[in-house]
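Q: Below, each chain spelled out in residue letters.
Protein chains: 8
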Amino acid sequence: GHARIDHHRALRSGLPEVIYAAGKTPDQTAEIFARMAAAGSDVLATRVDEPTVAAVLAAVPQATHHPQARAMSLRQTTAEISGHIAVVCAGTSDLTVAEEAAITAELFGTQVTRLYDVGVAGIHRLLAVREQLSQAQAVIVCAGMEGALPSVVGGLVGVPVIAVPTSVGYGASFQGTTALLGMLNSCSPNVTVVNIDNGFGAAYTATLIARAANHSR
Amino acid sequence: GHARIDHHRALRSGLPEVIYAAGKTPDQTAEIFARMAAAGSDVLATRVDEPTVAAVLAAVPQATHHPQARAMSLRQTTAEISGHIAVVCAGTSDLTVAEEAAITAELFGTQVTRLYDVGVAGIHRLLAVREQLSQAQAVIVCAGMEGALPSVVGGLVGVPVIAVPTSVGYGASFQGTTALLGMLNSCSPNVTVVNIDNGFGAAYTATLIARAANHSR
Amino acid sequence: GHARIDHHRALRSGLPEVIYAAGKTPDQTAEIFARMAAAGSDVLATRVDEPTVAAVLAAVPQATHHPQARAMSLRQTTAEISGHIAVVCAGTSDLTVAEEAAITAELFGTQVTRLYDVGVAGIHRLLAVREQLSQAQAVIVCAGMEGALPSVVGGLVGVPVIAVPTSVGYGASFQGTTALLGMLNSCSPNVTVVNIDNGFGAAYTATLIARAANHSR
Amino acid sequence: GHARIDHHRALRSGLPEVIYAAGKTPDQTAEIFARMAAAGSDVLATRVDEPTVAAVLAAVPQATHHPQARAMSLRQTTAEISGHIAVVCAGTSDLTVAEEAAITAELFGTQVTRLYDVGVAGIHRLLAVREQLSQAQAVIVCAGMEGALPSVVGGLVGVPVIAVPTSVGYGASFQGTTALLGMLNSCSPNVTVVNIDNGFGAAYTATLIARAANHSR
Amino acid sequence: GHARIDHHRALRSGLPEVIYAAGKTPDQTAEIFARMAAAGSDVLATRVDEPTVAAVLAAVPQATHHPQARAMSLRQTTAEISGHIAVVCAGTSDLTVAEEAAITAELFGTQVTRLYDVGVAGIHRLLAVREQLSQAQAVIVCAGMEGALPSVVGGLVGVPVIAVPTSVGYGASFQGTTALLGMLNSCSPNVTVVNIDNGFGAAYTATLIARAANHSR
Amino acid sequence: GHARIDHHRALRSGLPEVIYAAGKTPDQTAEIFARMAAAGSDVLATRVDEPTVAAVLAAVPQATHHPQARAMSLRQTTAEISGHIAVVCAGTSDLTVAEEAAITAELFGTQVTRLYDVGVAGIHRLLAVREQLSQAQAVIVCAGMEGALPSVVGGLVGVPVIAVPTSVGYGASFQGTTALLGMLNSCSPNVTVVNIDNGFGAAYTATLIARAANHSR
Amino acid sequence: GHARIDHHRALRSGLPEVIYAAGKTPDQTAEIFARMAAAGSDVLATRVDEPTVAAVLAAVPQATHHPQARAMSLRQTTAEISGHIAVVCAGTSDLTVAEEAAITAELFGTQVTRLYDVGVAGIHRLLAVREQLSQAQAVIVCAGMEGALPSVVGGLVGVPVIAVPTSVGYGASFQGTTALLGMLNSCSPNVTVVNIDNGFGAAYTATLIARAANHSR
Amino acid sequence: GHARIDHHRALRSGLPEVIYAAGKTPDQTAEIFARMAAAGSDVLATRVDEPTVAAVLAAVPQATHHPQARAMSLRQTTAEISGHIAVVCAGTSDLTVAEEAAITAELFGTQVTRLYDVGVAGIHRLLAVREQLSQAQAVIVCAGMEGALPSVVGGLVGVPVIAVPTSVGYGASFQGTTALLGMLNSCSPNVTVVNIDNGFGAAYTATLIARAANHSR
Ligand SMILES: Nc1ncnc2c1ncn2[C@@H]1O[C@H](COP(=O)(O)O)[C@@H](O)[C@H]1O
Ligand SMILES: Nc1ncnc2c1ncn2[C@@H]1O[C@H](COP(=O)(O)O)[C@@H](O)[C@H]1O
Ligand SMILES: Nc1ncnc2c1ncn2[C@@H]1O[C@H](COP(=O)(O)O)[C@@H](O)[C@H]1O
Ligand SMILES: Nc1ncnc2c1ncn2[C@@H]1O[C@H](COP(=O)(O)O)[C@@H](O)[C@H]1O
Ligand SMILES: [Mg+2]
Ligand SMILES: [Mg+2]
Ligand SMILES: [Mg+2]
Ligand SMILES: [Mg+2]
Ligand SMILES: [Mg+2]
Ligand SMILES: [Mg+2]
Ligand SMILES: [Mg+2]
Ligand SMILES: [Mg+2]
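Chains as they are written, first to last, in this note's numbering: chain A, 651 to 867; chain B, 651 to 867; chain C, 651 to 867; chain D, 651 to 867; chain E, 651 to 867; chain F, 651 to 867; chain G, 651 to 867; chain H, 651 to 867.
Here chain A stands alone, though its shape is the one from the complex:
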C-alpha cells in the first residue's frame, strides 16, 4: 500500500502509534489493528464507528471497545504505571472527549483521575475536588460552550493545564470554535490548547509531561 509507517516517532518518544479511524474504512482500520496486534505492541484506535467496531472485533476478538470514548484498545505489554494526570470536564456532554483523553493516557501507562461535571456555573463543584486536582502532574480540561473551565483550573494548580475545546453547544458555539478561542485567551499562564475534540493529542502531551516528572533525567 501507499502507507509509510513512522517508526521514528515511537523510538523517539516511547509512545506507540495510534490509529485514527475517522478517515479509514472499517476494513482498513481492522487490518492495521490486526497487524499491530500481531506485532505484539499495545494498540489503540480512536474515532471508531459501529461498523469499525464490528470489523476490528472480527479480526482481533480480544480487543476492548470503549463506547463512551469511541475507541478500541488492546494491551499486550506490561508497562508499569508512570505518571499521574487528572482529566476534568464541564458537563455530561463533554464525556466523549474526556474519555478519549483518559483511555489514551491509560493505554500509554499513565494513572488517570477523572473529575467530571464540574462546570463553572456551580463553582462549588470544582472547589470540592481541589484536593484531588493538586495530586496530578498535568491536568487535561475538556469544555464546550464558553470554555471557561481551564482558566479556573489553571488558577488552582501549579502544573501545566492542557485545554481541549469540545464541539458541544449550539448557535454561537460554532461547533467548538468559541470554546477554542476562549481557551487561547486564558488569563491563566499555565494553559496550552489543542484542537477541538482532540482528547488524543491532549493525552499524548500530558503523558510526556507526567512521565518526565516521574523519571528525572
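Simulated from the structure, these hints should not be mistaken for laboratory data.
For each residue, glycine too, the CB sits at the ideal point set by N, CA and C.
Do not take every clue at face value.
Unchecked claim - Coverage of chain E stretches by chain D, computed from C-beta distances (three or more under 8 Å per stretch; other residues unrestricted):
| # | stretch |
| --- | --- |
| 1 | 686-697 |
| 2 | 794-802 |
| 3 | 829-838 |
What the hints assert, rightly or not - Residues on chain B that point at chain A, a partial pick, calculated with CB under 8 Å:
| # | residue |
| --- | --- |
| 4 | Ile-731 |
| 5 | Ser-732 |
| 6 | Val-770 |
| 7 | Gly-772 |
| 8 | Glu-796 |
| 9 | Gly-797 |
| 10 | Gly-805 |
| 11 | Gly-808 |
| 12 | Ser-823 |
| 13 | Gln-825 |
| 14 | Gly-832 |
| 15 | Ser-836 |
| 16 | Cys-837 |
Once you have looked at the hints, place chains B, C, D, E, F, G and H with the ligands on chain A.
A: Only chains B, C, D, E, F, G and H with the ligands this time, still in chain A's reference frame:
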C-alpha cells in the same frame, strides 16, 4: 439641523437621553450638552476624547469629567437613589468599560457597588466578595480575553447578570469578539449580553431591572 | 453516574433545574425526568426529539408534550402566577423558539402574552399590539433573518427587552449569526441578547425580572 | 498614462464618469477633474480628503466642495431634472454616506428628498415622513449598527429600496458588516443592497430606476 | 392561527404575496395555497419539496409545478404583460436559482428572456447574446463560484443589474459567500445585490423596475 | 547575527535571493543589500519605505529605486532575456502590486508586457489587447475588489495564469480577502493563486514557467 | 438544452473539456460522456458518485472507473506522453484528491510520479524521495490539516509547486480552510494555490507547465 | 487602588508574577515594578514601549532592558538553573516573540538554547541543529505566515512542543490567525498551542515542564 430628538424614550422609561460623543465633533457634543443643561435635565456624554472635554467645559463649566469612564456628566435633578446594582470586572484593563457602566447607572439614580479585579484565574478573589454580590438587584460583569467571569458570577447570584465583553486582549481575542462569543454561550441561564465595550447599555438595562425591583407595580 | 446536580442554583433563584435533552439519550432524559417527578418538583425538558418524547411518556405518563416548543413539562407545585411578560416573534418560522420561551416562563409561574407574526416588514402589525406590549414587565423578542424586531420593540416599551436570534433564514443569515449580530448592535439601549435559539435562557432572565418587579424587596 | 478611459459606459447609460479619489494622489485627481472640466462635461469626485480639495480648487476654482459628502462637483450642462428619489438615514453618523448618495443623484439630474435621523428605535419619526416617502420613484436607505431601517421602509413603500450599510458603530458592528448582513436578509422583498458606505453606487442605480420611471420607453 | 396576513403589501406594490414553503410543513403550504386560490388571486409558492408538491396538488389540482425552479404556481388573473427583463446565469448549476427568478417574474406579469450558461471563462458566449441583453429594462444575473458575471454584464448594459449569488461551488466558495462578496464589490456601478439563492427577491425588484419603466408616472 | 542564509535555493532554481524589507529596519535592509552587492550578484529589495530607500542609496549609490513598485534593484550580471510574460491589472490602484511583479520578473531576466487598466466592467478594453496576451508564456493578473479579471483572462489564453488579489477596495472587500476568494473559485482551470498583494511570488513562479518553456530540457 | 459548449478552450490549450459531475444528475453526466465518446475524444468525468458510475457504464461500457479518484475516463487518442510531474501527498486521507490530480494529468498525456504519505511530522519520509522529486517539471502537493507540506517541498525543488489544500481534518481545520490559508502564506516563493480539494485544476496547470517545458517554443 | 494582587499563584507554582505592560500607563508599570523590586523578588515586565522603559529606569535604575524582547527584568534571587528548553523560530521577523519567550524562561531560572532562522523552506537549516534540539526537555517554536515549523520540529523530538503563532506576515496571514490555525491542526501529537505572539505563556508552561523533568517528585 437634521436631528430629530427622541422625547418619547424619556417619557416611556423615565431615563434621560445620553449623548454618544464618538461619532460627533467636539462642537456638536458641546452644543447638545449645553442645550440639555439649559433645559434643566441631568446630562451624560459618553466616549468623550480630550478636545470634546475641553469644548464641553468651555460651554458648561459646571460639568464633571470622569476620565476613567471617558464620560462627562451634570446632575441637576434631585432624584432619590432607587435600586442597587453591582459592577464587577476581571482586570485593571476592563476599568474603562466598568466605569462607563457605573457612572451611567449612578447618573440614573442607581446605587453602585464596584467589585474590580476579581478575574477567574484567582477564583478566591471573587469568592471573597460573594457577600457584597448577593446584595445587588442586578449585576453587570465586564471582562475581556476569554470572558469567563459572567458564568462564574451567574452561578453565585439569583438575579440577572448583564455581561459586557471588553476589547481588552490581543491576538485571538479579536478585539473582544472572543469574550462576546464566550458570554453568549454562558452555561449560567441568568446571563444576557450586550455589545463589546457597551457599558452604557448594560447600565441602562440594569437600572430598569433594579428600579422595577425597588418599586413594585 | 458522573452527574453532580446543582442544588445551589434552585436555592439561590427559586427556579427549578431544567433538563436540556439535546446532548442526552432518550433513556438518560427519561430517567432524570422521572427522578425529578418522583421528588415532587415541577419538571421541564427542552429540545426533546420524538424518541425522547416516547421514553419520557413511558416513564412519566402524566407529563405534557408541547410539540411546537419541542418541550415536555410536568407541573406538580401550585406556585401562584407572579410577574407578566410578553413573547413577541417576527414570523411563523420563529414559533419554535418563541414557544420554548413561553412554555419555560409559564412553568416558572409567569403570565405570558404571546404576540406572534408581527415582523417589521409590515410595521402596522406591531403597532396594532402596542397596548398589549405595554402591560409586560419584560419582553422577549424572537427574530431570525435580519433581527430587526427587538430594536423597534425596544423603542416602544420602557422595560427590558431580551432579544433571541433564531436560526431561521438561509444564505447570508448564517444560521442565525446575522440576527445575533444585528441584535447586539441594537440602537435601543434596553435590549440585551442571548444565544441563537435560546428561548429557555431568555425566559429564565425575563422571569427573574418580572418576579422582582412584582415583589418589591 | 496607463489609464484607459471607459467612454462606453457614458454612452450606454447617459450618466457621466465619476472620479473615485480614494486611491489617487491629490495631483492625479486634480488633473483628471481639470481634464473633464475642460471637456465641458459635468464632473464629480467622491472620497476627497483635504489635500485633494485644495489641489482641485487650485486647478478648477469654480468647482464646488460638499464637505459632508466628502465630494466635489462641477455642473456645466443644463440637464433638466428627471426622476425623484428619497434618501433616508438612521442617525446623524450616517450623514456622510447619505450625502454622498444625495449629491451624486443630484449631479445626475435627479430630484432628492432627504429624510434624515429617522432610526427604528423611535419609529414614530419614520411614520411621520411616510407621506414624503411615498412620492419617490426609488428610495435609498443608509444605516449602520443593526441595519434594520431598510426592512421597515421597504414595508412602507411600493418602489425599489436600495440599502446602503454604513461603517458606523463599534464592537460587533465589524465596520458595517453587521448592517450589510442584516440588509441582505431583509424580509422586505423590494430591498437590494450595495457595498458598505457605497452611497455613490446606490445613487447610480436609483437614478437609473427613477429616470426610466419618468420616461416610459 | 398565529398568522397575520400582510394585505398592505399587495395594496402598495400591486404584487401578490408569495408563499415561502421552506419553513412550513406540506400541510401548511397546501392550506395557504388553497386559501389564496379560493380567493381568486394568482398564487406562487417557492422552495417546495416533493411532499409539498403532492400536498398542494391534492388540494389544488390545477396548480402548475415548475421542478427546475422548485416552485408551484396558479395563474387566475389576466394581467397583461408589462415590462421586460433578462435572466442571465453562468452555468448549468445555477439553473435552479435562475428559474426561481424567471418563474416569479412571469407570474408577476413580466416578459422574461433567459440567457443561460454564459459564464465569464468563455466570454464569447456572453458577447454573442449582447443584442438580446440590450432589450431588457432590468437584468438579473445569477452566478456561483467567483460571482464575476454581474460585473461584466453591468458593463454591457445601461439598466439596473440585480446580482444573485448562488450556493453553487465547493471549498472556498463557502456556500455562496464568495460569490456574494464578489458581487458587493462589483466595479460596475449599476449592480445591486440580494441574498444567496434569492431568485425570488431579485425578480420582485426587477419587476418593479421594469413595470415602472413601462408605465411612466 | 541570527540569520542563516539559504544558498540552496539559488542553486536549485537559478533565481537570486530577494530582500523582503517590510519586517526589517532601514539599516538591516541596507546592510544586506550592500553585502549582496559586494558579492557581485543582482540584488532586489521589495516593500521599501522612504527611510529604507535613503539608507540603501547611502550604502549603494548605484542602486535603482522603483517608486511605483516600492522596490529597489541593482543589476550586475548580464543574464540574457529568457522567457516572456504579461502582467495584467484591473485598475490604476492595482499598479503597485503589478509593478512589484513586473520589476521582479525583469530582474530575473524575463521580458514583461504590461497590460494595465483593463478591468472587466469595460470588457472591450481587455479584448483590445488579446493579441498581446496571446504572446506570453505565462500571465500574471492583479485585481482587487471582486477579483473577476483572472477568470476572463484565463478563458482567453492557453497558458498558466497566476492571479494576485490586491488589497484595493473598501467595505466588503475586506482588504483583498474577497478578491482572493473569488480567484480561488475561478471557473477557468488554468488559474492558480498567491497571497494578497504578493506580486513578488507571482513573478517568481511565472519566471520559472516562462524560462522552462524557453529552454526545453 | 441550455448548455453552450466551450470549444474555444480546447482549441487554445490543446486540453479536452472535463465533465464536473458534482452538480449534475447521473443521466446528465452519462449523456455528455456518451456524446464526447461518440465524437472520438478522450473523456474524463470527475466527482462521480455510485449512481453516476452505473449510468456512465451503462451508456459507455468501455469507460474506466477510478474509485480512489472518484473519476471515470475513456482514452481514445494516442497522444504521446509529454511532460513529467510529481504528485505528493501528506497522509492516506489525502489520497482521493491526489488521485484526482494524477488521473487527470495522465489523461492529458503527462507522466506522473506518485509520492504518497510523506507528511512533515516524519520528515525523513520526504527526504527519502528527494531524488524522485527532482525529476519533475512541476510538482503538485496535496495536504490537509495544517497544510505545511508544500512549503517544505517548495524548498527542495527548483520548479513550480502547485498546492492543493484538502478538506481532511476536523475541528479547527474548518473543512480545508486552515490548509488553504497556510499554503497561501507559504514562505517558499515557488508555491501557488488552487481551491480546496481541486486536484483537477492543479493537474490542468501542472500539465500546461510540464508540456511547455518539454516542447520549447 | 483597585488591584487585588494574586499571591496564590506564586505559592502554587513557584513562579513570580509578571507585569503585562500593554494595558498600563508608564507610571502604573513603573510603580508596580518598583514595589516588587522593593519586596526583593525577581521582576519581569513584558510589552514595554519606550515611555515605559524610561519610567521604569527612572524608578528602578538597576533594571535591565531587553529591546528585542520588548521586556525589562531585574534579577534579585540566586535561584539555580533548573531545566533546559530550546526556543526555535522560523525567520528574523519572529525574533521579538522568540526573545520574549527566552527572556521569560531565563528569568524563571531555565537554561535556554536559541535556534533561530530555521524556517521550513530551507529544511537543511533545521536538520543541522537536530542534535541541539534533542537536548531540550521542552521546545518552544515561534512561527508566523503558514506556521508549519512546529509540526516538523514535533516530528524530530520526543518532548512537548509549545507552538507560538506570530503576527508576522501580510494579506491572508490575518495577523497570525493562519499560523494559529495551522498549529492547532498539527499532525505531530506532541504540539500544544498558545495565543498569537504569547511568548510569555509558552515560556511559563515550558518552564513548568522542564523543571518537573529535572526534579522528579
Ligand atoms: N483522535 C485523534 N485525533 C487526532 N489525531 C489522532 C487521533 N487518533 C490518532 N491520531 C493521530 O493520527 C495518526 C495516524 O494517522 P494516519 O496515518 O492517518 O492513520 C496517529 O499517529 C496519531 O498521531
Ligand atoms: N434549551 C436550552 N438552552 C440552553 N440551556 C438549557 C436549555 N434547556 C435547559 N438548559 C440548561 O441546561 C442545564 C442542564 O444541562 P445538563 O447538566 O447538561 O443537563 C439546565 O440547568 C439549564 O440551565
Ligand atoms: N464612492 C465611490 N464608491 C465606489 N465607486 C466609485 C465611487 N466613486 C466613483 N466610483 C467609481 O469608480 C470609477 C472610477 O474608478 P477609477 O478608474 O479607479 O478612477 C467610476 O467610474 C465610478 O464607477
Ligand atoms: N514582496 C514579497 N512578498 C513575499 N515574499 C517576499 C517578498 N520579497 C521577498 N520575499 C521573500 O522573502 C525572503 C526573505 O525573507 P527574510 O529571510 O525574512 O529576509 C526571500 O527569499 C523571498 O523569498
Ligand atoms: Mg449539569
Ligand atoms: Mg491582575
Ligand atoms: Mg408573514
Ligand atoms: Mg438620534
Ligand atoms: Mg459550461
Ligand atoms: Mg478606471
Ligand atoms: Mg500516517
Ligand atoms: Mg530568511
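Q: Now tell me if each hint is right for this structure.
A: Structure-based check of all given hints:
1. Taking a C-beta to C-beta cut-off of 8 Å, the stretch 686-697 of chain E contributes 0 residues in contact with chain D, too few for the three needed, and the coverage statement is violated.
2. For the stretch 794-802 of chain E, the stated coverage by chain D is violated: 0 residues have a C-beta nearer than 8 Å to a C-beta of that chain, whereas at least 3 were required.
3. Evaluation of the coverage hint for the stretch 829-838 of chain E: fulfilled, as 3 residues show C-beta separations to chain D shorter than 8 Å, against a requirement of three.
4. Using the Cβ-Cβ criterion of 8 Å, the hint placing B:Ile-731 at the interface with chain A is not satisfied: the shortest such distance is roughly 31 Å.
5. Among the interface hints, the one on B:Ser-732 is violated; its C-beta lies about 30 Å from the nearest C-beta in chain A, farther than the 8 Å criterion.
6. A cut of 8 Å between beta carbons decides the hint on B:Val-770: the least distance to chain A is about 5 Å, and the hint holds.
7. Restraint check, B:Gly-772 versus chain A: the minimum CB separation of about 5 Å is within 8 Å; hint holds.
8. Taking 8 Å as the C-beta contact cut-off toward chain A, the hint placing B:Glu-796 at the interface holds, the least distance being around 4 Å.
9. Checking B:Gly-797 against chain A by beta carbon gives a least distance of about 7 Å; that is within 8 Å, so the hint holds.
10. Of the supplied interface hints, the one on B:Gly-805 holds, with its beta-carbon coming within about 4 Å of a beta-carbon of chain A, less than 8 Å.
11. Taking 8 Å as the C-beta cut-off, the interface hint given for B:Gly-808 is violated, the closest approach to chain A being about 13 Å.
12. For B:Ser-823, the interface hint holds, the least distance from its beta-carbon to any beta-carbon of chain A being 5 Å, beneath 8 Å.
13. Checking B:Gln-825 against chain A: minimum C-beta separation of about 12 Å lies over 8 Å; hint violated.
14. Using the Cβ-Cβ criterion of 8 Å, the hint placing B:Gly-832 at the interface with chain A is satisfied: the shortest such distance is roughly 4 Å.
15. Contact between B:Ser-836 and chain A, as hinted, is supported at the beta carbon level, the nearest pair being about 6 Å apart and thus within 8 Å.
16. A least Cβ separation of about 4 Å between B:Cys-837 and chain A falls short of the 8 Å threshold, and the interface hint therefore holds.
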